[in-house]
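Chains as they are written, first to last, in this note's numbering: chain S, 7 to 268; chain D, 6 to 401; chain Y, 363 to 496.
In case anyone wonders, no lab produced these hints; they're calculated from the structure.
All C-beta atoms, glycine included, are put in the ideal place defined by N, C-alpha and C.
Zero decoy hints are in this set.
Computed beta-carbon distance windows for the label pairs: (1) D:174 to Y:475: 48 to 56 Å; (2) S:34 to D:293: 54 to 62 Å; (3) S:86 to D:36: 27 to 35 Å.
A partial selection of chain Y residues facing chain S, derived with a Cβ cut-off under 8 Å: (4) 435; (5) 440; (6) 445; (7) 458; (8) 489.
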Amino acid sequence: MSIDRREFLKLAGISTILGMGGASAVHGLRSRVEASQIMPNPEALKAKRWAMVVDMSKFKTAEDYQRCIDACHHAHNVPNVTDNLKHEVKWIWEETYEHAFPGTEDEYLAEEIKELPFLILCNHCDNPPCVRVCPTKATFKRKSDGIVMMDMHRCIGCRFCMAACPYGARSFNYKNPRPFLDPEKENPEFPTRTKGVVEKCTFCYERLAKGQMPACVEASSGALIFGDIEDPNSEVRKVLGSRYSFRRKPELGTRPSVYYIF
Amino acid sequence: MLENAIYGGRRYWAWIFFLLSLIGAGFIAYIYQFQNGLGVTGMSRDVSWGLYIGQFTFLVGVAASGVMVVLPYYLHNYKKFGRLTILGEFLAIAAVVMCMLFIFVDMGQPLRVLNVILHPTPNSVMFFDMAVLSGYLLLNLLIGWTVLGAERKEVGPPKWVKPLIYLSIAWAPSIHTVTAFLYAGLPGRHFWLSAIMAARFLASAFAGGPALLILLALIVRKYTKFDPGKEAIQSLGKIVTYCMLLNVFFLGLEFFTAFYSQIPGHMHSFVYLYTGLHGHSQLVPIMWVSSILAAVAVFMLVFPQIRKNESLLAIACIATFFSLWIDKGFGLVVGGFVPNPFEKITEYWPTLPETIITVAVWAIGFLVLTVLYKIAISVKEEVVFDKYGERQIKAE
Amino acid sequence: MYNAGKIIIGLLIFAGLVMFPFVYSGGKATAKPDPKVDTPEILKLPENERKCVESKAYMKREHMKLLNEWRDWVVRDGQGTYLNTEGKHFTMSLQNTCMKCHSNKKKFCDECHNYAAVAPYCWDCHIAPKEKES
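Kindly produce the complete structure, drawing on both the sequences and the hints.
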């Protein structure tokens, strides 16, 4: 019985595809880890949608700002990339009014407001364009509480989210971040990142899971108000209901969750 | 048919080895990038897409342009393109291969690339881009190989190829529309947030791709016994002319919207690219080169007396190709990131490793193109023509 | 046979390449991996409480799967606590649960991983506990 090359190749190809398909089907049906019971930590803080109010009137000195920034960057092992500003990684930082709210600048604005440093971070939008564009759902909006999360294990480093974010909130690890960490100040309870993934503020989901407020909020001595915006009794709602607040680029329809008040 | 690629003269092999050496250098540069991260490129926190994605964007256009020869021949029976279709399809294959490679070298975690398939996300335009590009590659491979194989055996192609060809005609514009959607749907980037992005992309694709195809056809005629046909080249030239005019027109429309409305967000990127902004003007010279080349190209193409002269047509095509290559392959991508969302400016220029890798990917594309063209032309030389005259088998 | 010379030489080269790893290691087996569980943190616990998240046999076989599932539950689903088959609760965390007891990565994790020549990339991000001089 002879078989010609073409027939043999066809046979081999179909056998391979069937074999691989069969193997993965069997593998998928194999009994998995019995998730006897998985549950959120009992002490975790819960909210329908976390939001933050930045009370600019409570920030008086440069240290007030730096404390919040340092608290965040130390808690999360954010690298201090000093050799090339192009590769800097930052989760929370300061910008002056014309840079934080571009398009609203005005030469007749009060000088003190022009020079006021605003704290900038990921806005955890309710309609986040970064989530819309991510091809792997590595960044996603948590259904339980609205936090725009990062799954560092899944991120392929395509940086589409960085193009999509209208707020410049995201940083990419252009190189290995570990050499830029201060070993003294390292937080051994939180991972670092590796080169080739995008990172940003995650509203301290790991602290919320332990019943703690986000690091910047805790360090702000009341200047940052954090709470459930859908709970009418939360401090966030009380503040928003009593004072004029504004957000960054609201006209884009992203529905940011970070508000600013004077 | 593949064996045709290993029979060649000294010039052929010299060209192959030249390409292989470029690829080798690029491979080493890529290992350097893989180990050290994308920081070895010129990209930054502000300009997070650079030469790689720009080249990808440009090449999707070249890939889509295959439809410009396939559509007239198969849908409208324009027999004159009969000798060009295989060249167009094989150019599309080479271009798509380059597109995929540019995406791969741009990824921060390339080993995780399968995540796009394991976790499909239909709302992400990038997922769609991967899907339609892969589909287009498969389509062109299948169609090109089958039709060429049938020609070699001096029979008509099998019936099932026809619906696939019609599918590829519809698919081609879609791949480039999806690529335009990568840019045109991002709320924070006013340089890109324009409905005309897809139209601009298609117009520039159908100008740049056929321009390259004309140049390739002229090279093929010069170095082999196969002649794609004077009239075919002239028809393609007309296509390049009209599409280049459209492309320049569309760019003018963008300028009008930006500058008549006087909205800063819309104007700033144009100002940066063409005059410099706040003292940053690194890209101004090349953007003007692109504009001048476009003007020269349009001038040369519009006048039939110039266009009919094949040497001048070649120059016009070179001008068209490089004008669009600069505009779409560099200016468009970088311009979207400057100024950044904070109205600050970080400039971008590719680094040496980035350039070597880019050149190597182009070399891989040209290698694929050379091999495929060698096969196609070997077949055509034997079968479609005899040694002295023109004898073409009936296509259907 | 045709080209007998070339074929036989080719076969000899092939045989040499295949035999090389065995000849090179001199025919002796490498030592069986011996992961050590005598970290100070484990020794502090009373004998009857020195139990991992699941049984030793289970963890040996399935710890990779378990960690994958923990990762997805914590990062993607917002869960935090795992109830094991014996009714004990654990916070799902590599750094803060697993490595709190198994604080000796080199003598525990790496033992088997090096033997099996696998390099899981967990440690690119997750900070391994500082090795103590024993």
